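Asks: Read top to bottom, the protein sequences are chains A and B.
Read in the numbering used here, the first sequence has 108 at position 108, and its numbers run on one by one without any break.
Read in the numbering used here, the second sequence has 96 at position 96, and its numbers run on one by one without any break.
In short, the hints are calculated from the structure, not lab data.
One should not assume that every hint holds.
What the hints assert, rightly or not - Okay, derived cross-link-like pairs now, BS3-like style, lysine-lysine, Cα gap no bigger than 30 Å in a straight line:
1. A:Lys68 <-> B:Lys40
2. A:Lys68 <-> B:Lys78
3. B:Lys78 <-> A:Lys42
4. A:Lys68 <-> B:Lys11
5. A:Lys1 <-> A:Lys42
6. B:Lys62 <-> A:Lys68
7. B:Lys78 <-> B:Lys62
8. B:Lys11 <-> B:Lys62
9. B:Lys11 <-> A:Lys1
10. A:Lys1 <-> B:Lys40
11. A:Lys68 <-> A:Lys1
12. A:Lys42 <-> B:Lys62
As the list claims (entries may be wrong) - Here are the simulated distance ranges between beta carbons:
13. B:Leu27 <-> A:Leu19: 15 to 23 Å
14. B:Thr5 <-> A:Ala10: 44 to 52 Å
15. B:Pro54 <-> A:Pro82: 40 to 48 Å
16. A:Asn63 <-> B:Glu44: 47 to 55 Å
Stated by the list, open to error - Anything over 12 Å on all C-beta distances counts as not near chain A; from chain B, calculated:
17. Val4
18. Leu55
19. Pro70
Because the structure is a prediction, the values reported are computed rather than measured.
In this text, a Cβ means the ideal position worked out from N, Cα and C, and glycines have one as well.
Chain by chain, the residues run as shown.
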Amino acid sequence: KQEVTQIPAALSVPEGENLVLNCSFTDSAIYNLQWFRQDPGKGLTSLLLIQSSQREQTSGRLNASLDKSSGRSTLYIAASQPGDSATYLCAVRIQGAQKLVFGQGTRLTINP
Amino acid sequence: DARVTQTPRDKVTEMGQEVTMRCQPILGHNTVFWYRQTMKQGLELLAYFRNRAPLDDSGMPKDRFSAEMPDATLATLKIQPSEPRDSAVYFCASGLSPKGIYGYTFGSGTRLTVV
Chain A
1 KQEVTQIPAA LSVPEGENLV LNCSFTDSAI YNLQWFRQDP GKGLTSLLLI QSSQREQTSG
61 RLNASLDKSS GRSTLYIAAS QPGDSATYLC AVRIQGAQKL VFGQGTRLTI NP
Chain B
1 DARVTQTPRD KVTEMGQEVT MRCQPILGHN TVFWYRQTMK QGLELLAYFR NRAPLDDSGM
61 PKDRFSAEMP DATLATLKIQ PSEPRDSAVY FCASGLSPKG IYGYTFGSGT RLTVV
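Chain B extracted, bound-state conformation (with noise of 0.2 Å):
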């Protein structure tokens, strides 16, 4: 089966420190999604590519993260610096657009933990 694939899977970094997260979407997909999960809040959607170009990035902090596509295969979150509210799932999907008719697939995730 065809896979979205994320690493690091788990991250502990102290405060004020720079995470990257990365994200290999599924070979064909066109439209890459970054979400955050946390108890309080459940999904919130962080930001999206479509053909590498960034759509919607409303749902990020503009002053510490940032989103991007270096090529096609390779999708990367980063937080500089990082607080510990940061701290919860950070998921990323991908899939067909505008078609969409398979829906989305999800990688496993990273836990982040800002300590």
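In isolation and in its complexed conformation, chain A is listed as follows (with noise of 0.2 Å):
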């Protein structure tokens, strides 16, 4: 059974920090793996998908990276900024299969 972990479960810097979210999965026979944000009482926002054959991905400050022979995945934001602050999500797409498995999320919280 896939379990995604996300570590630390919760996050706080001061603006203009670069900082790294990370992300472990238990089995590497993934499709995809999806990195969404959510803001508090709204839906999840996709904001990078990687291909089980691709190395990383990037839009504008975010920059994921995936390692699936470690399963291992992480979301780098640079100059960080107040309105990064959401939780964000980590999900895999399991090989053979169309369900998304979660991760718990990171809250993160970037101080002005």
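Both chains are sitting in their own frames, so use the hints and assemble them into the complex.
Replies: Right, here's the structure in full:
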């Protein structure tokens, strides 16, 4: 059974810092991995999608990496801003299936 | 931007009442998911459909939950009778499979409160 773990559960940093969020998964047989952002009381917004054959994806100040063999992904946020405050979720799509398995998320707070 | 539309946005109901949540997936997407989010359990998969056929509903309490896709533009999730422990945010998501190269898109959710 695929399990996804995100560490830390919560993170608070001052504005302007670069930071890394971690995601690990137990079964490397994945189709892809997706990072989402969730604001309080809102839905999930897709940030980055990495296919199993890829090593990283970039969008603006965000960079996500994938090391399938070690079961790890990181989300790097450069020059953090208060508007980046949200919960960040990673989800893996299991190979041979359509469903996503989610981690519990990292609640990020950027302090002005 | 194409989006997944869920209604209602919020629902407060009394225990024992029937609740119906609706989802309009993105046009052209052939896979539809229902997830439930609680503080304790996080995001849990309840059921999903591909080409309107149910593929997996093992996450749903069968005695009270039912999920259907009457047509390609509408997915429904019903709870009858509702219980306080059903209080959660219910998300619908859609995507393309088996390709899935674009990932899945989530709706804004239905926040259900059963009192």
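Asks: Please go over all the hints and tell whether each is borne out by the structure.
Replies: Hints, verified against the model:
1. A:Lys68 <-> B:Lys40: Measuring from Cα to Cα gives roughly 28 Å; hence the hint holds.
2. A:Lys68 <-> B:Lys78: Violated. Lys68 of chain A to Lys78 of chain B sits at ~38 Å, over the 30 Å cutoff.
3. B:Lys78 <-> A:Lys42: holds, 22 Å
4. A:Lys68 <-> B:Lys11: The hint is violated at about 41 Å.
5. A:Lys1 <-> A:Lys42: This hinted pair holds, its Cα atoms lying about 29 Å apart.
6. B:Lys62 <-> A:Lys68: Outside the cut-off at roughly 35 Å; violated.
7. B:Lys78 <-> B:Lys62: holds, 11 Å
8. B:Lys11 <-> B:Lys62: Measuring from Cα to Cα gives roughly 21 Å; hence the hint holds.
9. B:Lys11 <-> A:Lys1: Violated, at roughly 33 Å.
10. A:Lys1 <-> B:Lys40: OK: Lys1 of chain A and Lys40 of chain B at ~20 Å, within 30 Å.
11. A:Lys68 <-> A:Lys1: holds, 16 Å
12. A:Lys42 <-> B:Lys62: holds, 28 Å
13. B:Leu27 <-> A:Leu19: 15 to 23 Å: Violated, since Leu27 of chain B and Leu19 of chain A (Cβ atoms, about 37 Å apart) do not stay within the stated range.
14. B:Thr5 <-> A:Ala10: 44 to 52 Å: Roughly 32 Å apart at Cβ, these two residues miss the hinted range, so it is violated.
15. B:Pro54 <-> A:Pro82: 40 to 48 Å: holds, 43 Å
16. A:Asn63 <-> B:Glu44: 47 to 55 Å: Since the Cβ atoms of Asn63 of chain A and Glu44 of chain B sit about 29 Å apart, the hinted range of 47 to 55 Å is violated.
17. Val4: violated, 8 Å
18. Leu55: violated, 7 Å
19. Pro70: holds, 20 Å
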